[in-house]
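Line by line, the protein sequences give chains A and B.
Position 67 (the first sequence) corresponds to 79 in the numbering used here; numbering is contiguous.
Position 76 (the second sequence) corresponds to 88 in the numbering used here; numbering is contiguous.
What the hints contain is simulated information worked out from the structure, not anything from laboratory work.
Each statement offered as a hint is correct.
Pairs count within a copy or across copies, as identical chains cannot be separated in the list.
Below are the DSBU-like pairs computed for lysine-lysine, each with C-alpha atoms no more than 30 Å apart in a straight line:
| no. | residue 1 | residue 2 |
| --- | --- | --- |
| 1 | K280 | K263 |
| 2 | K39 | K154 |
| 3 | K39 | K92 |
| 4 | K192 | K180 |
| 5 | K99 | K89 |
| 6 | K117 | K39 |
| 7 | K117 | K270 |
| 8 | K92 | K117 |
| 9 | K89 | K270 |
| 10 | K117 | K42 |
| 11 | K156 | K117 |
| 12 | K156 | K192 |
| 13 | K39 | K82 |
| 14 | K117 | K263 |
| 15 | K180 | K190 |
| 16 | K156 | K99 |
| 17 | K99 | K270 |
| 18 | K217 | K180 |
| 19 | K270 | K82 |
| 20 | K15 | K192 |
| 21 | K82 | K156 |
| 22 | K181 | K217 |
| 23 | K15 | K217 |
If you're wondering where the values come from, they're calculated on a predicted model, not measured in any experiment.
Number of protein chains: 2
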Amino acid sequence: MNKEQLVNIIKYKKSFLCIGLDADINKIPKHLLDNEDPVFEFNRQIIDATNDLCISYKPNIAFYESRGSKGWLSLEKTIKYIKQNHKNIFLIADAKRGDIGNTSKLYAKTFFDDETTGFSFDAVTVAPYMGFDSVSPFLEFKNKWVVLLILTSNEGAQDFQLLQTENKKMLFEEVLTKSKEWGDENNLMYVVGATKAEMLSRIRKFAPDNFLLVPGIGAQGGSLSEVAKYGINKECGLIVNSSRDIIYAGKGMDFAGKARTQAQSLQKIMEAILSEYEII
Amino acid sequence: MNKEQLVNIIKYKKSFLCIGLDADINKIPKHLLDNEDPVFEFNRQIIDATNDLCISYKPNIAFYESRGSKGWLSLEKTIKYIKQNHKNIFLIADAKRGDIGNTSKLYAKTFFDDETTGFSFDAVTVAPYMGFDSVSPFLEFKNKWVVLLILTSNEGAQDFQLLQTENKKMLFEEVLTKSKEWGDENNLMYVVGATKAEMLSRIRKFAPDNFLLVPGIGAQGGSLSEVAKYGINKECGLIVNSSRDIIYAGKGMDFAGKARTQAQSLQKIMEAILSEYEII
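Only chain A is shown next, with the shape it has when bound in the complex (with noise of 0.2 Å):
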C-alpha cells in the first residue's frame, strides 16, 4: 500500500485508529477455547466487528512465537483472513526485529512476500540498533513500510533513547535524522510513544511528512487530543493503536460487540480530530 492510498482510507473511513491484535490464549473468552485454533477464532471475530472503524491492525509477533509453530499458523491464518475478506486495512507487523543485511533480508522476506510464509504485510517494526544495514533490507520492498523505533512508550525508553549525543541531539533525534538518508516519507514511519505526546512536536520537526505509528492509548481516548495537537499534519500523518483496551473489553459471549463499542468510541473521537483540522 502507498501513501495516498493510505491516506485515502483514513479519510474514507473516517478514523486512524490501528488495533493491536495481542491476542493471548490466556486472556480470550473461555467459550473458545473449543474451537480448532481458538486465537484465530478470536481474532476473527475482533476483526469482523472492528474492520469498518479501524485502519490498520497490529498483530504483535511475541503473541504467536510464544506458542510456537502453533501460533505461525494462527497468525498464517488471520493474515489469510484480513486479505480475503477486508480490503482497505493497513497491516503491520510488530514485529521489532533488525539484524545484520543478510539477516534482515530474511526477516522482510518473512513479513513482506506471501509466497514463502502466507504473510504480505504492508508494514514491519523494526529496531535501530544495528544501523543501515540492518533496516534497508526491508526498504527495498515496494510500497512497503519500515515503521522505526525512536521514542517507546516504556519506562526502559529513558535508558539509551534519551540520551544526549556529542551532536546536541538525543539518541532518538540521531536515529531520525539518520534514518532520513535511509528512506522518505514514502516508506519510513515511526513509532512514537503516546506518553510522550509533547515530544511529538519535537519529532515533527525532523519528520513533517512521515506517519507516525502512536502506541499507548487507552480507550478512553484521554490522550488523544494531546496526540493529534501535537502530531497532526496535513494528510493525519498519525497511526495510532489501541490493543488490550478493545480486543479485552467483554470477556463474555459478546466480547466482539463491546470491542466494537470501545473502537467506536474511539473513532467517533478521530472523526471529531480530523474535522477539526481539516482532513476531512
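Since the structure of chain A is provided, determine the placement of chain B on it from the hints.
Below, chain B without anything else, positioned relative to chain A:
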C-alpha cells in the same frame, strides 16, 4: 546452564566454538531436498558431525521464521534433537528480540520455556534500544542467559553504537554500563563483532568477567588470535561463532564431513589458545 557448567564444557572439549545453524533451504545440498524436512535433516547431520568440537549451536531465527510455520517446525525438531542426543551444548537463539515488558516476557517464554514451544534454549540475543524493561524479563529465568547486542559486526554498527554521548562514552559503552545494573556475569553476555578485535580490550574494562559472544570469524581462524589477545579472560570468557564457513564447507554428499574438517581446524587453534593462556 550456569557459568560453571559452561566453563567446564569449554575445558572438557578444549573449544570455545559456536556453530551458527543458519540453514538456508536454498543453500543446503540438493540431495537433501527429497527429505520430508530438508532443513532438519541438514541440521541433524551437521550436529552429529560436529558436536564434540563445539560448545554451542546458534540458530539464527530469521532462517526458520522466513519459512513460516514450516520453518518453526524445523527449528523445534532441531532443538529437541540436540537436547535428546547431545549433552554439553549451550544453545543460543539468535533472535535479537526486545519489546515492552509484557511482550518481552512472551519472547522469553518462547525461547526458554519448553513446555509451550518445545524450545529450551540456554540464551537469547536481545537488542538494547528499548532499555531495562525490554531486557529484564529474559533475566528472570534461572540458569538462562541474555546475550545483549553491544558492538555488532556489520557496517551499520557505526551509525549509532559508536556515537559519543554527553558522558564521554560511546553508546555501546553506555549500554554496557547500564546493563550491569540489570544482570551480572552469571546471566548476561555481550555480542561483540570480531571485526572490532581491538575494541574487545575496551569492553573488557567494563565487563571483565562476562562472556562475550563473538561472531564474524572465518574458518581460516585469521583473527582468532586477535580476539583471544584482546578478549580472553581467566575462564576463557569467549564464545566464538562461525556459521557459513562451517555449515556450507561442502555442497555434496559429504557436506557434514567437510563441516567437521572446518570445525576441527578452528577447534585446534582454540585448543592452542586455551593452552597458551593456561585455561586448560
